[in-house]
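Visitor: Sequence:
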Amino acid sequence: MSTQGRCEPYIDNPWLSSSVCDNIYTSLHYVYTPNARLLGQPYIRYLMEYITVFFTFTPQCYEPVVNALCMLYYLPCGYNGTIQVPRFLCSDACTNVSTQMCSDDWDALLSFINDTFLTRLSKETTIMPNCSNTDLFIEAFNLDGDCCEPFHQDQLCFKQS
1 MSTQGRCEPY
11 IDNPWLSSSV
21 CDNIYTSLHY
31 VYTPNARLLG
41 QPYIRYLMEY
51 ITVFFTFTPQ
61 CYEPVVNALC
71 MLYYLPCGYN
81 GTIQVPRFLC
91 SDACTNVSTQ
101 MCSDDWDALL
111 SFINDTFLTR
121 LSKETTIMPN
131 CSNTDLFIEA
141 FNLDGDCCEP
151 FHQDQLCFKQ
161 S
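Quick note: the sequence shown uses UniProt numbering, first residue 1, plus one each step.
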């Protein structure tokens, strides 16, 4: 795998505080962490714990928005026969959640993250991507632009060397 990042076990912390992503991942799952992400997984965990406590989702949008959010910030990794490699959320799945199914929740979450976190610490790997233009996000994560995964389906997805 490239030196742009690594697949590592998801950091869960069930005895201290919960994160919206704890319902999707456990410490048995591998997630991709780019080297460019300041403070790595612990910073994103803090962001997700903060969202868990201070952001209110509409009931019908909780699951799809959280699934998309967690897959964007914790790219799932899959075994390609040799090593764990990252898989990216398909642009159409992301667009469906952000502009069709739950656009109000998505826009509110985007504002919440921008207002709360990005004023203090702005990094490409922390900014929520525009689902219809994920080139910058894919580049920051060193992924293949054609490589994507609908919600929780097993597909191998990684940048070939």
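Calculated directly from the structure, the hints in this document are not laboratory data.
Just so you know, these numbers come straight off a predicted model, no measurement behind them.
One or more of the hints may lead you astray.
[Unchecked claim] Here are the in silico distance ranges between beta carbons for each label pair:
| id | residue 1 | residue 2 | range |
| --- | --- | --- | --- |
| 1 | SER111 | TYR46 | 29 to 35 angstroms |
| 2 | GLN60 | PRO9 | 29 to 35 angstroms |
| 3 | ASP115 | ASP92 | 24 to 30 angstroms |
| 4 | GLN4 | GLY81 | 28 to 34 angstroms |
| 5 | THR58 | THR116 | 15 to 21 angstroms |
| 6 | LEU28 | SER103 | 31 to 37 angstroms |
| 7 | ASP115 | THR82 | 41 to 47 angstroms |
| 8 | THR82 | THR116 | 37 to 43 angstroms |
| 9 | THR95 | ASP115 | 22 to 28 angstroms |
| 10 | ILE11 | THR99 | 15 to 21 angstroms |
| 11 | ASN35 | PHE55 | 36 to 42 angstroms |
Cβ atoms here follow ideal geometry from the backbone N, Cα and C, with glycine treated the same way.
Visitor: All hints are to be evaluated individually against the structure, with a verdict given for each.
Guide: How the hints compare with the structure:
no.	hint	in the structure
1	SER111 to TYR46: 29 to 35 angstroms	19 angstroms, violated
2	GLN60 to PRO9: 29 to 35 angstroms	32 angstroms, holds
3	ASP115 to ASP92: 24 to 30 angstroms	28 angstroms, holds
4	GLN4 to GLY81: 28 to 34 angstroms	21 angstroms, violated
5	THR58 to THR116: 15 to 21 angstroms	19 angstroms, holds
6	LEU28 to SER103: 31 to 37 angstroms	33 angstroms, holds
7	ASP115 to THR82: 41 to 47 angstroms	42 angstroms, holds
8	THR82 to THR116: 37 to 43 angstroms	40 angstroms, holds
9	THR95 to ASP115: 22 to 28 angstroms	23 angstroms, holds
10	ILE11 to THR99: 15 to 21 angstroms	31 angstroms, violated
11	ASN35 to PHE55: 36 to 42 angstroms	28 angstroms, violated
Consistency note: the structure conflicts with the earlier hints numbered 1, 4, 10 and 11.
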